[in-house]
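Peer 1: Sequence:
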Amino acid sequence: MRVVKVDDNQQSGADKSRGVDVENEGDEGELWVRGPQMMKGYLDKEQTDIAIQDGWYRTGDMGYIGKRKEFRVSGRLKELIKYKGFQVSPPEVEAELIKHPWVQDCIVIGVNDPRDVSFENPRALVVLKPDLPTKDAVRASDEIYRYMMRKMPPHKRLHGGVRIVESIMKNAAGKLMRRQVRDAELEYMKGGADH
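Residue numbers (the working numbering): 256 to 450.
In short, the hints are calculated from the structure, not lab data. Computed from a prediction, not measured in an experiment: that's the story for all the values here. Heads up, the beta-carbon is just placed ideally off N, CA and C, and yes, glycines get one too. Please note that a few of the clues may not be correct.
With a Cα cut of at most 16 Å, we get these calculated EDC-like pairs of lysine to aspartate or glutamate [claimed, not checked]:
1) LYS333 - ASP316
2) LYS333 - ASP438
3) LYS337 - ASP368
4) LYS260 - ASP276
5) LYS333 - GLU283
6) LYS295 - ASP309
7) LYS411 - GLU283
8) LYS430 - GLU334
9) LYS384 - GLU398
10) LYS322 - ASP368
11) LYS339 - ASP368
12) LYS425 - ASP368
13) LYS324 - GLU283
Ranges between beta-carbon positions, derived for each pair [what the hints assert, rightly or not]:
14) ASP386 - PRO291: 53 to 63 Å
15) ARG370 - MET404: 18 to 28 Å
16) TYR312 - LEU441: 14 to 24 Å
17) TYR400 - GLU421: 15 to 25 Å
18) TYR400 - PHE341: 13 to 23 Å
19) ARG434 - GLY321: 26 to 36 Å
20) VAL372 - GLY429: 28 to 38 Å
21) LYS445 - THR314: 26 to 36 Å
22) ASP316 - SER373: 21 to 31 Å
23) LYS406 - MET294: 35 to 45 Å
24) THR303 - GLU351: 21 to 31 Å
25) LYS260 - VAL393: 35 to 45 Å
26) SER329 - SER373: 49 to 59 Å
27) PRO291 - TYR443: 47 to 57 Å
Construct all of the structure, not just a fragment, from the sequences and the given hints.
Peer 2: Here it is as structure tokens:
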């Protein structure tokens, strides 16, 4: 198993290289695997060319090597937010966001930057803990935004803003429905509501 650096070419599947391993423990990248139990490819040669490179299967999972040399899965490659040349992992930002004492649940998605369509801004939808008044959502979103500005490096900050919501869409198994949440939020933002 390997952890391979991710760039825009790799994310699109256009990169046919052998991949470059991440340099440091804890650096995030795509998990690649190989072994005798792995398939040789797909019926569609084009799909095989994207998924298998030099005998390595590109899982589409993001991960890193932990302190005990174990491989840790941190998200999906297709969920990465592209922000000014950086790849932002929503689960990583959510892990910090959920530590805020007011946050009960959250999801981080990428939304288009109104000034530059070549990248996305991380945006958080947050469910407040029940003992907090939701009518003061503006103050709560400002407080949570400032908290994340202090906690995260510049490219992982919530440049797309924070919006307080009553619930976050999940499937029957409790898994976040990222694509549907993002689509709904983009529609919400088109309506001219607060950003």
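Peer 1: For each hint, tell me whether it holds in the structure or not.
Peer 2: Taking the hints in turn, this is what the structure says about them:
1. For the given pair, LYS333 sits about 9 Å from ASP316 by alpha-carbon distance, which is consistent with the 16 Å threshold.
2. Between LYS333 and ASP438, the direct Cα distance comes to roughly 15 Å. Compliance with the 16 Å bound is thereby established for this hinted pair.
3. Annotation: proposed proximity of LYS337 to ASP368 holds, straight-line Cα distance about 11 Å (limit 16 Å).
4. Proposed proximity of LYS260 and ASP276 is supported: the alpha carbons are some 6 Å apart, at most 16 Å.
5. Distance hint between LYS333 and GLU283 is fulfilled; the C-alpha atoms sit about 14 Å from each other, no more than 16 Å.
6. Between LYS295 and ASP309 the CA atoms are separated by roughly 11 Å; this keeps the pair inside 16 Å, and the hint holds.
7. Annotation: proposed proximity of LYS411 to GLU283 holds, straight-line Cα distance about 14 Å (limit 16 Å).
8. About 14 Å separates the Cα atoms of LYS430 and GLU334, which keeps this hinted pair within 16 Å; it holds.
9. Of the supplied pair hints, the one linking LYS384 and GLU398 holds, its CA atoms being roughly 14 Å apart against a limit of 16 Å.
10. Taking the CA atoms of LYS322 and ASP368, the gap is about 36 Å. The hint is violated against a cut of 16 Å.
11. Between LYS339 and ASP368 the alpha-carbon distance is near 10 Å, which keeps this suggested pair within the 16 Å criterion.
12. In summary, the hint linking LYS425 to ASP368 is not supported, as the alpha carbons are separated by about 26 Å, beyond the 16 Å threshold.
13. Only pairs whose Cα atoms come within 16 Å are accepted, and LYS324 paired with GLU283 is accepted, the gap being roughly 13 Å.
14. A hinted range of 53 to 63 Å for the beta carbons of ASP386 and PRO291 is consistent with their spacing of about 55 Å.
15. In this structure the hint that ARG370 and MET404 lie 18 to 28 Å apart at CB holds, the actual value being about 19 Å.
16. As the Cβ distance of TYR312 to LEU441 is approximately 33 Å, the hint placing it in 14 to 24 Å is violated.
17. Between TYR400 and GLU421 the C-beta distance comes to about 19 Å, which sits within the given range of 15 to 25 Å.
18. Between TYR400 and PHE341 the beta carbon distance is about 19 Å. The supplied range of 13 to 23 Å therefore holds.
19. Range check, ARG434 to GLY321: Cβ separation about 28 Å, and the 26 to 36 Å hint holds.
20. Judged by the Cβ atoms, the range 28 to 38 Å given for VAL372 and GLY429 holds: they are separated by roughly 34 Å.
21. Take LYS445 and THR314: their Cβ atoms lie about 34 Å apart, and the range 26 to 36 Å holds.
22. The hinted window of 21 to 31 Å between ASP316 and SER373 holds, with their beta carbons roughly 26 Å apart.
23. The hint said 35 to 45 Å for the Cβ distance between LYS406 and MET294, and at roughly 41 Å that hint holds.
24. Distance hint for THR303 and GLU351: a CB-CB separation of about 38 Å, inconsistent with the stated range 21 to 31 Å.
25. Checked against the hint of 35 to 45 Å, the C-beta distance between LYS260 and VAL393 comes to roughly 40 Å, which is consistent with it.
26. Our hint of 49 to 59 Å for SER329 and SER373 is violated, since their Cβ atoms are close to 25 Å apart.
27. Evaluation of the 47 to 57 Å hint for PRO291 and TYR443 yields a pass: the beta carbon distance comes to about 49 Å.
The structure is inconsistent with the numbered hints 10, 12, 16, 24 and 26, although it conforms to all the rest.
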